[in-house]
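Can you build the whole structure from these sequences, using the hints too?
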Amino acid sequence: MSYPILWSPARARQVLTTESRQKARELFLQTHRSFRRIRVDFCKEADVAGEFVEEEQLRAIVQAGRLEADNRLFFVVGEAGSGKSELCQWLEYTVDAERSLAIHIPRSMTSAAHVVALLRKRAGALSLSLRHVPLAAQAEHIALSALVLLYERGGLGSAPIEAWAALLRGAAMRRALVEHLEAAEAGEYGHALLASDAQVGALCAEHRIEVVPASLPSIGAGLQQILARAMEQALCMGDLHTPLRQLSERIVAQGRRPLLLLEDVTTFRFLGDRLLDYLLDLTSGHFDAVIGVTTGFERTQLPGATLAGDLTHIHHRLRARFALTDEQGCAYSLEDDVIEFARAYLRAVKHGAAVSPLQPDVERIFGADLYPFTDTALLRAFGSLQEEGNPRQTPRLFLEYVLGAALQADDLPSAALDRSAYLSRPPALFRSDEVGDERLQSVLRWYGQVGDEAVTLDSRLPALWNIPVPEQLLADGVVRVSRAYILQPPGAGEPGQQWQQELRELQQWLTSGGLYPSREMLKRGIERALLALGDPRSLASRSALSSAQAAVYYARGDERLPIYLGRESGDQPSSEAYVKVQVTGSAEERVILEELVYLALSGAQLSQVCQNVTLTLDWAQRHWDAYHREIDALLSRHLGGISVEHLIWVGWRMACALSGDPWGERPHVRTHDNDAAPYEHISPWSREQSNGCYAAGRELLSWHETLRRLFLGAFTLHDTLLDRERCMDAARQIEDRAVVAKLAHLSLRSFRTLPYKIRPTGQRLLDLLAPLQRYALALIQLDADSALRADLADLERRAAKLAAQEHVDVRALHDQVAALRQRCGEVGVTWREQWDSDTETLLNTMRLGLQPLRDEMQALLSATAQSYTDRACDLWGYQEFRHRLRPIVQHPFWDASATLWAIQSELIQAAQARYRREARSLTGTQSYRALRRTALAIWQELEQ
Amino acid sequence: MSQGTFNERISTTLHLLDELAARHEETRAYESARERMAYVHDRLGQLQLALGALRVAAALLRAALGDSTGEHTWRSTCAELRARAPATLRSPGQALVAANLDLLRLVEYTGSATALAEERCSQLVALLARYLVTSSESPSPPSMDATKRQIQLAIEQLARSGEPWTSDRLAELRGRLGQEHTSTTNHAGVSA
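Each protein sequence line maps, in turn, to chains A and B.
For the first sequence, position 708 (counting from the first letter as 1) is numbered 707 according to numbering that gives the first Met the number 0, and the numbering increases by one without interruption.
For the second sequence, position 19 (counting from the first letter as 1) is numbered 18 according to numbering that gives the first Met the number 0, and the numbering increases by one without interruption.
I should point out that these hints are in silico values taken from the structure, not numbers from a laboratory.
Backbone N, C-alpha and C fix where the C-beta goes; we use that ideal spot for every residue, glycine too.
Treat the hints with care, as some may be off.
[Said to hold, decoys possible] Partial pick of chain B residues on the chain A-facing surface, computed with a CB cut under 7 Å: (1) HIS23; (2) LEU43; (3) LEU50.
[Stated by the list, open to error] Ranges of calculated distance between the beta carbons of each label pair, as one might list FRET restraints: (4) TRP900/A <-> ASP101/B: 43 to 53 Å; (5) ASP101/B <-> GLU917/A: 19 to 29 Å; (6) GLU30/B <-> TRP900/A: 30 to 40 Å; (7) GLU917/A <-> GLY110/B: 25 to 35 Å; (8) GLU917/A <-> ARG148/B: 22 to 32 Å; (9) SER67/B <-> ARG916/A: 24 to 34 Å.
[What the hints assert, rightly or not] Reference listing, derived: stretches of chain A covered by chain B, where coverage requires no fewer than 3 residues with Cβ under 8 Å from a Cβ of chain B: (10) 523-531; (11) 911-921.
Here's what the structure looks like:
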């Protein structure tokens with residue numbers, strides 16, 4: 000898209016160079032902005048350590064040395080592009096020539112040949128290494144050094160190393176080296192060795208080295224690296240100390256001090272190291288040396304570049320250390336001066352261009368000389384500068400990737416800035432649903448004024464660039480688009496630095512989907528909005544306010560609400576095993592989601608962030624409901640169709656019946672104390688008659704309090720106030736028998752992987768379901784009607800027994816009990832203490848009379864007969880009957896009576912065991928008959 | 000549980016206990032009677048053996064001497080004992096159960112009768128021994144005491160066996176005494 004371009008792109012390229020050295024002196028001085036804030040870390044020349052100085056003060060410090068003072072070394076430290084070259088260049092141009100002779104070794108001087116040539120030029124007749132050696136011999140020397148390096152390195156490409164050796168020793172290479180050395184001697188410091196791929200390709204072809212075109216750049220770089228190192232070794236192997244000392248003494252003799260300006264010590268390897276070693280030997284000469292060092296190099300590699308190998312050793316020899324950037328890599332003072340910095344360059348770019356009729360309007364809209372930028376756009380672009388993901392506010396990046404990118408592009412500056420890899424696109428802080436045109440969105444992002452309630456833009460700007468603006472956005476000459484969020488109240492503080500990045504990622508995801516790295520922030524915002532309505536994972540009644548309530552809770556994962564962001568954000572989608580709140584990121588919810596990110600970032604309240612809280616809450620409510628329904632339905636599916644309310648209702652009813660406190664129509668929420676009332680005294684079941692129900696009931700009763708708290712959470716408004724509506728609904732809807740049957744046949748296997756828990760107790764729902772299921776199974780295996788009939792028959796038998804005792808002689812009974820005790824002693828039965836208390840109880844009961852117990856039994860028999868004349872007894876009716884029966888069968892009379900029978904039984908058993916019953920008629924025995932025979936034989940003997 | 004008042008039930012229990020106790024006492028009495036019976040039976044057995052020995056001794060004496068002294072002694076002894084015999088001798092059951100004076104009389108009778116029969120038997124054995132020693136043709140006849148022991152032993156065997164008396168028994172006895180005597184002297188000669 001075309002728009003008014005009021006400058007020459009060629010001029011722009013000329014002005015906006017990467018290196019300050021690339022500009023002519025006049026242009027340099029025209030565009031140079033003073034360094035207003037140079038931090039002095041330490042300084043031995045003036046008491047300014049820890050302070051900021053301006054460039055003039057720095058120059059004064061550098062030039063403050065005595066004429067014959069030893070080497071004085073100054074470091075200028077800063078990130079790449081922070082202005083080290085600019086400062087060196089400025090020093091070269093502005094240094095007091097009567098006091099100093101500047102020798103500037105720029106970064107662009109990448110060849111040792113250039114440096115050696117420069118020094119020779121400055122050294123005059125002084126002898127530097129190879130000074131008298133013909134260039135052809137120097138070239139051969141360099142080629143041989145390169146050959147050695149090649150063998151050390153082990154080759155270049157896939158071709159045999161011998162082929163590369165032949166290339167380095169070849170005539171073509173020597174010619175190229177001689178040409179390079181000649182250019183350096185002639186002062187052509189821009190000359191580069193093997194500068195083009197074509198030159199490399201020709202060399203390879205000459206030596207029959209087959210190289211694919213795609214690999215030419217890497218091979219060329221490899222050759223250049225080897226040759227550069229070879230040149231440094233060959234040209235600087237000689238004694239550097241002597242000529243440099245002679246050079247400094249010669250300049251001092253002229254009444255000046257040599258000022259060595261080494262822009263970047265990292266450019267060279269051997270030469271840089273040797274220069275540094277020379278300068279650090281403070282007595283070796285009279286140089287003032289300003290050396291540019293990148294922060295990272297100084298920290299990691301500089302110590303190894305010196306003979307001492309110690310950064311402290313270097314620092315101790317510095318006269319001062321100046322820093323141009325802070326620890327974040329941001330150039331000091333540039334943010335404050337960025338407008339004027341840009342204005343100077345923009346003015347220089349437009350210098351000499353034809354005056355446009357649009358100029359007056361442009362000046363009014365954009366500001367003097369700033370077109371096509373505004374103050375806002377420049378500051379925003381400067382703030383968005385980044386390199387490899389890190390903020391990097393340096394002059395070079397600003398010139399190249401803000402001014403240069405925009406001025407040399409064909410389309411709108413905002414579009415050029417959007418495309419830049421060195422700029423983090425600022426997030427849209429306006430309601431994007433109000434702006435349909437992407438160009439207008441882009442312009443608003445870079446040029447829009449962000450106000451409390453709206454993002455505004457001079458309407459003439461889009462008009463000038465032919466961008467249509469919807470009517471409803473135009474008012475009083477201003478394009479006005481609502482803010483995507485409301486600013487926080489005063490004093491709340493701004494959200495963290497990362498908020499723009501987070502918002503940027505959100506908008507990228509909302510616009511085109513794809514990976515959303517910082518989606519956790521959006522999830523936090525969504526979570527806050529949803530949790531403001533209550534926790535959707537809780538299946539308790541939202542009306543329940545009891546502090547003692549518990550709830551069935553979906554507890555997958557950690558404490559965070561599980562949320563799935565769609566559009567391939569990187570999230571795993573929701574599944575049966577892991578149910579998540581599903582947010583699709585549709586166009587309709589864009590604004591809401593942007594607000595929610597800001598909500599999470601700012602920590603402010605929903606009402607402070609959301610422009611339309613009702614809308615946001617409605618969105619949240621819909622997602623809350625959908626998620627809640629899904630969780631509820633999932634549980635219900637696994638419960639065989641039983642809802643969680645029905646489960647709690649029936650479970651609580653079971654527990655109450657077990658605790659001896661059953662309810663019929665109207666539930667209660669009374670507690671139960673296991674210690675106060677043993678299970679066997681309160682349970683409707685007896686171990687003898689219904690062992691299944693008895694055992695399963697005992698287990699379930701231990702969950703009484705949990706079920707009570709769940710009931711509080713599901714069916715009450717407060718601790719003792721039932722939620723009448725929910726209770727009535729439940730009572731109306733629940734088919735208890737069916738729920739019990741479903742519970743009985745529940746498969747608990749699937750619950751092992753379901754993440755339902757009970758909060759706040761932390762118990763697993765499965766642990767509650769297991770006893771519930773066992774008890775339900777025992778219940779459905781019980782035939783309540785038959786059991787009732789059996790109980791009634793037993794009751795009638797008891798009534799008959801009771802009737803039989805109506806005319807007991809209590810006094811005689813007392814004596815009989817005493818007689819029994821005596822008999823126990825006779826036959827060896829130990830009389831137990833329990834027998835004493837039981838017989839005493841029995842005697843007392845008999846004294847008081849049995850009529851109350853008989854009445855109670857009769858009443859139960861009558862009531863039961865009346866209740867079940869025309870209908871069968873159901874589960875709950877039977878349990879109620881059992882509870883009424885319990886005090887009758889647990890009356891002490893029965894135990895005491897049983898004890899009395901037990902005493903007699905034991906007594907008789909003992910007597911039968913002790914007393915023998917073998918008495919017979921003696922005369923009927925065999926022995927007696929034998930005796931008689933003997934006696935008769937004697938008698939016969941006597942009678943003979 | 001059976002119907003009926005506690006009083007009735009306990010009365011029944013106590014009655015049952017009484018019955019059990021009574022049976023126990025009966026059992027104990029029965030056992031005592033059995034012990035007494037065994038004692039009396041033993042005494043009667045001794046008396047029967049003593050009378051049998053007396054009868055055998057009388058028969059031997061007649062076979063040896065042809066004299067009826069022995070038989071006379073035997074018959075008079077039987078008559079004497081028959082005259083003294085208590086009524087309970089032929090039916091001792093009542094006395095054994097009651098353990099009264101009748102039982103004591105029976106026990107006393109059996110003891111004295113046995114002693115008398117044994118004494119009379121000894122007298123007859125002495126006569127028989129004297130005859131056998133004096134009528135012996137052996138140059139070294141057996142001693143009196145040894146002959147008595149042999150005769151007494153043979154009589155007891157015959158009385159216990161209950162076999163009928165024959166003249167062969169005397170010849171057998173005489174032969175046994177001669178052999179034993181010869182054997183005894185031979186041994187003495189050798190040893191001398």
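The hints, checked one at a time:
1. The interface hint given for HIS23/B holds, since its Cβ lies 4 Å from the closest Cβ of chain A, which is under the 7 Å cut-off.
2. At a threshold of 7 Å, the smallest CB-CB gap from LEU43/B to chain A is about 5 Å, leaving the interface hint in force.
3. Proximity of LEU50/B to chain A holds as hinted, the smallest CB-CB distance being about 5 Å (cut-off 7 Å).
4. Look at TRP900/A against ASP101/B: about 50 Å separates their beta carbons, and that is inside 43 to 53 Å.
5. Against the hinted window of 19 to 29 Å, the Cβ-Cβ separation of ASP101/B and GLU917/A comes to about 26 Å, which satisfies the hint.
6. GLU30/B and TRP900/A have their C-beta atoms about 34 Å apart, which keeps the hinted 30 to 40 Å range intact.
7. In this structure the supplied range 25 to 35 Å holds for GLU917/A paired with GLY110/B, their Cβ-Cβ distance being about 31 Å.
8. Taking the beta carbon of each, GLU917/A and ARG148/B are about 47 Å apart, not inside 22 to 32 Å as hinted.
9. For SER67/B and ARG916/A, the hinted distance range of 24 to 34 Å is not satisfied, since their beta carbons lie about 59 Å from each other.
10. Figure legend: the segment 523-531 of chain A, annotated as covered by chain B; annotation inconsistent (0 residues with Cβ-Cβ distances under 8 Å, at least 3 required).
11. As drawn, the segment 911-921 of chain A meets chain B at 9 residues by the rule of a beta-carbon pair under 8 Å; at three or more, the given contact holds.
Of the numbered hints given earlier, the model fails hints 8, 9, 10; all others are met.
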